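So the sequences go chain by chain: A and B. If you count the first sequence from 1, you need to add 155 to reach our numbering. One point on numbering: in our numbering, the residue at position 93 of the second sequence is 85, and numbering is uninterrupted.
No wet-lab data here; the hints were simulated from the structure. Certain hints may be false.
Covered stretches of chain B (chain A as the covering partner; in silico rule of three or more C-beta atoms under 8 Å from a C-beta of chain A) [said to hold, decoys possible]: (1) 8 to 15; (2) 45 to 54; (3) 67 to 79; (4) 82 to 95.
The structure presented is a predicted model; accordingly, all values stated were derived computationally and were not measured. Ideal Cβ placement from N, Cα and C applies to all residues, glycine included.
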Amino acid sequence: MPKKVLLVDDSTTTLMMEEMILKQRTDYECVTAKDGLDAISRAVVETPDLILMDVVMPRMNGFEACKRMRLQASLRETPIILVTTCGDEEYVEAGFQSGCSDYITKPIDGFELVTLLQNYLGE
Amino acid sequence: MFLARMSDNSNSPTELEGKVSVQHAGDQAKVYAARMRLQSALDQADALDAIREIAVNLIGTEEVLVFKIDKKRSELWLYWSFGADPNKYSVLEVCREPRLTEVLSGKPVFRSRFSTENLLSTDDPVSALVPILVDGSPAAVIVLFRLFPHKTGIEPVDREICEVLSNCAGRAVGPYHSR
C-alpha cells in the first residue's frame, strides 16, 4: 500500500508543485488541505504517514496546527515537517517547540524535498 | 538536522545523476505550477495574488512591487505592492534608471549572483525586474526585491519562472489603459 502524505498550504501554486514533484519521483499518495484547521480534520480522517505543512496560513498557522495534532492520539507519532520562509534559529526552535519533526525552507528544492520525505517514509 | 544529514551523503556518479534528475523534475514542476496558476487566475485580483504566491513560494522573496508603464514610457507608476513600502516607491523615472530601458524592451533583467550592483537606485536591493507583456508589449514591470537570507541569488529556474511571469501575468494589470 502506498504511503500517504498530507500536504498543507493555502497556496494552490505550492500544493500543485509539491504534488507534481512527489507524484513524479515517488509512489506516495497525496491528500491536501488549505489551512491549519482543515489540516487537523483531514489528518484525523486520513491518518497520513507524514504531514508536510506550511507555517503561515489563514485561520490557523502551522505551529498551532502542529501543537493540536500532537494532542490527537492517532497523530502523536506522525512525522510533521514544517515549510518555513525563514531558517533562523529562533523560528526553527518555535517549530520544534510546537512538536514538528523537521523543517524545510522555501523555496522548496525538489531534491531536498524528496530526500527528506524518503528519510522518513522510505523509497 | 536535515541539512547535516544531507551533507553526510557522499555522491557517487549514479547518486549524482539521480540528484540532477530529481532536481530537474523539481524545477520543471515549479515552472509548470507557475504557468498553471497564472493561466487559471480568475480575475485581476487573483492574478496579482498569483504573482505574490509565485514570488514567495517559488522564487523566494516577500517584497514585490508592480508598476504600470505610462503612455510616453518615461515613467512607471506604482500599481500594487506586497511586503515592500509603497510610500517609498510611488514613481520610477526611466531616465534615472538605466536598467529600466532594457526591461522596457521586453526582457527581464536579473541581479548577478554575488554582485553588489543594484538594478535600481533604491535603498533596498532589487533582485529582478520583470516586464509584464500584454499583446507582446510591456505594460507593467514586476520588481522583486531582496531574496530570503538563505538564498544566495537568482538561479536558472528562477529565470524560467520570471519568463512565465512575463508572458502569463497580463491579467494582473487588466486591459492596457496607459496614463
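Going down the list of hints, with the structure as the test:
no.	hint	result
1	8 to 15	holds (count 3)
2	45 to 54	holds (count 8)
3	67 to 79	violated (count 0)
4	82 to 95	violated (count 0)
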